[in-house]
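These protein sequence lines map, in sequence, to chains B and V. Quick note on this note's numbering: the first sequence kicks off at 1 and runs consecutively. Quick note on this note's numbering: the second sequence kicks off at 265 and runs consecutively.
Read the hints as simulated data drawn from the structure, not as lab findings. Computed from a predicted model, the values in this text were never measured in an experiment. Using N, Cα and C, we set each Cβ at its ideal position, and we do this for glycine too. Check each hint, because a few of them may be wrong.
As the list claims (entries may be wrong) - Partner residues aside, some chain V positions facing chain B, computed with beta carbon under 8 angstroms:
id, residue
1, 314
2, 411
3, 471
4, 476
5, 554
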Amino acid sequence: MTAYLKLDHIDKSFARGGAVTEVLKEVSLDIAKGEYISIIGHSGCGKSTLLNIVAGLTQASAGGVILEGRQVDSPGPDRAVVFQNHSLLPWLSVYDNVRLAVDKVFSGTKSRAERNDWTLHNLDLVQMAHARDRRPSEISGGMKQRVGIARALAMEPKVLLLDEPFGALDALTRAHLQDSVMQIHAALGNTVIMITHDVDEAVLLSDRIVMMTNGPSARIGEVLDVRLPRPRRRLELVTDPAYLVCREAVLKFLYERHRFVEAA
Amino acid sequence: MSITALKSEAVVSPSTPKGASAPAKGAEIVRLAPSRPTPRTNRFAGYAHRVSVAVVPPLVVLLALLGIWELLCSGSGATLPPPSTIWQESYDLIVNPFFVNGSQDIGLGWRVLVSLQRVAIGFGLAAVAGILLGVIVGQSVWAMRGLDPIFQVLRTVPPLAWLPIALAAFRDSNPSAIFVIFITAIWPVIINTAVGVRNIPQDYRNVAKVLRLNPLEFFVKIMLPSAAPYIFTGLRIGVGLSWLAIVAAEMLTGGVGIGFFIWDAWNSSRLSDIIVALVYIGVVGFILDRLVAGIGAFVTRGTAAA
Chain B
1 MTAYLKLDHI DKSFARGGAV TEVLKEVSLD IAKGEYISII GHSGCGKSTL
51 LNIVAGLTQA SAGGVILEGR QVDSPGPDRA VVFQNHSLLP WLSVYDNVRL
101 AVDKVFSGTK SRAERNDWTL HNLDLVQMAH ARDRRPSEIS GGMKQRVGIA
151 RALAMEPKVL LLDEPFGALD ALTRAHLQDS VMQIHAALGN TVIMITHDVD
201 EAVLLSDRIV MMTNGPSARI GEVLDVRLPR PRRRLELVTD PAYLVCREAV
251 LKFLYERHRF VEAA
Chain V
265 MSITALKSEA VVSPSTPKGA SAPAKGAEIV RLAPSRPTPR TNRFAGYAHR
315 VSVAVVPPLV VLLALLGIWE LLCSGSGATL PPPSTIWQES YDLIVNPFFV
365 NGSQDIGLGW RVLVSLQRVA IGFGLAAVAG ILLGVIVGQS VWAMRGLDPI
415 FQVLRTVPPL AWLPIALAAF RDSNPSAIFV IFITAIWPVI INTAVGVRNI
465 PQDYRNVAKV LRLNPLEFFV KIMLPSAAPY IFTGLRIGVG LSWLAIVAAE
515 MLTGGVGIGF FIWDAWNSSR LSDIIVALVY IGVVGFILDR LVAGIGAFVT
565 RGTAAA
């Protein structure tokens with residue numbers, strides 16, 4: 001069986017001056033279509049580097065990424081990224097930020113009116129249609145991230161890449177957005193790779209959790225299957241034994257076997 | 265309205281000592297009623313206040329300076345005319361900028377317009393060429409390594425030093441004057457644009473890469489808006505420098521402009537006219553600066569807020 005998205009023996013090292021730092025070592029992972037994967041690990045373990053390699057923004061030193069049987073090594077709208085700091089263009093309105101992506105991806109296949117409808121549809125999906133004419137500086141951090149997600153979804157990507165999408169948000173806003181992402185994932189069935197360092201977030205959202213060892217030369221330490229039925233409800237999960245087992249497994253990995261040793 | 269407010273106060277206040285909750289209630293009513301008309305009066309007062317704050321101090325200083333000037337230049341040995349003499353001698357020039365009494369006897373407004381036309385052409389060309397060159401230097405490491413040292417040397421050449429070469433090349437005074445404007449204004453535009461392009465956040469570049477924007481789309485949709493605050497800083501410095509240069513260039517090339525007027529007035533010993541022309545030049549330069557700054561603030565209102 002061939003995987004939908006295959007990370008094939010990815011190595012990554014950075015050369016600075018004479019010194020070569022090996023960041024990732026032999027990272028391999030097969031991801032099925034529609035799967036929600038979380039990558040968790042301590043800071044500096046190369047999570048974001050791995051995501052950037054999948055996005056094509058960074059080149060792997062060895063190995064590669066295969067999407068639907070074809071190697072991808074440059075960025076493209078089939079692997080849409082939701083950036084950690086939203087990366088909306090401040091001079092464009094919420095609508096125009098999404099429309100820019102829609103126009104670029106669907107310029108040949110959709111008419112002007114269809115592109116307008118598709119833009120509004122995606123803003124609706126993240127409940128941001130009411131703020132379509134506002135600029136990013138006029139909306140809250142959570143709203144910006146919603147628009148970032150709408151922009152990524154509007155590209156109809158094969159894989160949605162989320163780079164710590166909720167990291168800069170407060171706990172309540174984060175919970176809201178996690179629920180939104182779960183709904184969208186249930187409705188659209190996207191294949192998602194999400195970087196996070198929040199254990200609860202990883203267990204709540206993911207089908208599988210990929211746990212990275214500490215860098216340098218980080219590799220995949222363990223892969224945990226989260227066998228919780230969907231739709232998942234935050235409140236019910238709190239007492240669910242399966243949830244607690246998963247949570248404990250991730251915590252044990254992060255804090256017992258691969259405790260983060262801070263370089264002084 | 266204020267009368268009713270006073271009345272309600274009068275009515276309510278006797279009831280206050282009755283109960284513990286009454287004073288709070290009474291106080292609430294009294295506070296709310298007069299607070300309604302205040303914003304409107306405040307707005308006018310605030311507007312008048314802001315205008316007076318902006319206008320009165322410079323006016324006072326100006327009058328004081330004119331007074332000192334009058335005192336200093338009123339003596340018998342004074343080499344420069346006092347303001348009162350200027351007013352008498354150059355009355356025509358001051359009150360009517362747009363008179364025409366013959367081909368060489370025209371109002372200062374016309375002369376300024378001729379100079380402004382040269383600046384518009386020279387500065388316009390410098391803006392377009394400067395932004396394009398700045399983008400190349402900012403975008404390409406090799407272009408920067410190759411061009412930046414040359415730019416840094418050339419930009420220190422004083423504007424008028426270019427004039428003989430321009431005259432030799434163009435064999436005409438008007439294009440030479442325009443060339444001097446161009447070569448004066450282009451350096452700050454290039455350098456600031458390059459800095460602006462180099463400072464485009466990596467995030468925006470990543471967005472462009474994921475969307476696969478082509479170079480032209482990247483230029484129009486990401487680069488120009490993102491670098492706009494820097495570009496306008498360059499344009500603002502550039503327009504100031506071109507106004508400085510045009511006066512000097514016109515003194516040497518002749519013609520109709522404001523610079524030549526000063527030179528002409530000096531040759532016929534009309535000191536009063538020169539001083540009036542200086543005021544014109546200063547005011548027009550100030551307006552040009554504010555104009556470019558205003559356009560910049562309007563265009564970059566999105567980026568500045570981010």
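Hints versus structure:
no.	hint	result
1	314	violated, 25 angstroms
2	411	violated, 27 angstroms
3	471	holds, 5 angstroms
4	476	holds, 6 angstroms
5	554	violated, 23 angstroms
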